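Listed below are the residues making up each chain.
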Amino acid sequence: KAGVTQTPRYLIKTRGQQVTLSCSPISGHRSVSWYQQTPGQGLQFLFEYFSETQRNKGNFPGRFSGRQFSNSRSEMNVSTLELGDSALYLCASGDPGSGELFFGEGSRLTVL
Amino acid sequence: DQQVKQNSPSLSVQEGRISILNCDYTNSMFDYFLWYKKYPAEGPTFLISISSIKDKNEDGRFTVFLNKSAKHLSLHIVPSQPGDSAVYFCSRSYGQNFVFGPGTRLSVLP
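In the order they appear, the protein sequences are chains A and B. Be aware that the first sequence starts at 20, since it is given in my numbering, and climbs by one per residue. Be aware that the second sequence starts at 970, since it is given in my numbering, and climbs by one per residue.
Just so you know, these hints were derived from the structure itself, not from any lab. Small disclaimer: the values here were computed from a predicted structure and weren't measured. Warning: the hint list may mix true and false statements.
Think about it this way: if two alpha-carbon atoms lie no more than 30 Å apart in a straight line, the pair counts; the simulated DSSO-like pairs of lysine-lysine are [unchecked claim]: (1) A:Lys76 / B:Lys1037; (2) B:Lys974 / B:Lys1037; (3) B:Lys1040 / B:Lys1025; (4) B:Lys1025 / B:Lys1037; (5) A:Lys76 / A:Lys32; (6) B:Lys1040 / A:Lys76; (7) B:Lys974 / A:Lys76; (8) B:Lys1023 / B:Lys974; (9) B:Lys1023 / B:Lys1037.
One chain only, chain A, in its complex shape (with noise of 0.2 Å):
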C-alpha cells in the first residue's frame, strides 16, 4: 500500500508570493490534515478536510486555506507568504479505523 506522497518536497520562494502545496492520502484514507512544524513549535495544526469538506481549523491566518478533491487528495495554499511562512509542511492522512494518523515526508519552504 502506498503511504502519503507529498509535492513538491523542496521548494524556495520569495516574499509577497503564493505557494501551492500537494498531498495524496494513503488509499482508503478519506480524512486529510495539515501540519506546520517550524523548530520549537512542535506539529501546528493548519486543517483537516474529509469527503471534501473542511471540518476543522487551526488558529492559522486566511492567508493559509486548503482544498481536497473527490479523489480525497488535498491541496493547501498559501498566499501573500512572509518569511515566517518558512516551515515543514506535513500532510497526514487518517486511518478511521485505528484513528493513527499517517504522515508523508513534508514539504520544506523556504521564503527569501
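Place chain B on chain A using the hints.
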C-alpha cells in the same frame, strides 16, 4: 493555549538505559493519546498509542503509561538504542482532531 505539553525539549540517555519521555495535557476529552517519532527529513511515524480507558499499553521496548487524575502520560523505552534518537511527539486525538505537543528530542549515546 498549549493543550499538550512536553516540558523537556531534549533528553540524553546512555545506550541500554531507560528513556522516559513525559507529556501533560489540559483537555480531558480524548479518545487516544499517541506517540510519534520523527527523524530529520522524514515525516513523523506512529509509535504507540493508549486509549482513554487504559492506564498502560506495552509494545516491545515501548510502554506508555496514562495517569488521568494527574493528566499526565509517559513513554518508557527500555533498553534505549542509538536508533531511538529522534524527536518524539505526544498527540491527543478526539474524533479526527489531533493536537500535538512541541516534541522532545531524544539522544541515545553509545
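We went through each hint and held it up to the structure:
As the CA atoms of lysine 76 (chain A) and lysine 1037 (chain B) are separated by approximately 27 Å, the hinted pair is consistent with the 30 Å bound. Pair hint lysine 974 (chain B) plus lysine 1037 (chain B) holds up; C-alpha atoms about 15 Å apart against a cutoff of 30 Å. Between lysine 1040 (chain B) and lysine 1025 (chain B), the direct Cα distance comes to roughly 14 Å. Compliance with the 30 Å bound is thereby established for this hinted pair. Note on lysine 1025 (chain B) and lysine 1037 (chain B): the hinted pairing holds, with a Cα-Cα distance of about 11 Å set against a maximum of 30 Å.
A hinted pair counts as satisfied when its Cα atoms are at most 30 Å apart, and lysine 76 (chain A) with lysine 32 (chain A) qualifies at roughly 25 Å. The suggested pairing of lysine 1040 (chain B) with lysine 76 (chain A) holds, with an alpha-carbon distance near 25 Å, which does not exceed 30 Å. Under the criterion of a C-alpha separation no larger than 30 Å, the hint pairing lysine 974 (chain B) with lysine 76 (chain A) is consistent with the structure, at around 20 Å. With a C-alpha separation of about 20 Å, the suggested pair lysine 1023 (chain B) and lysine 974 (chain B) falls inside the 30 Å cut-off, and the hint holds.
Annotation: proposed proximity of lysine 1023 (chain B) to lysine 1037 (chain B) holds, straight-line Cα distance about 10 Å (limit 30 Å).
In this structure, every one of the numbered hints holds.
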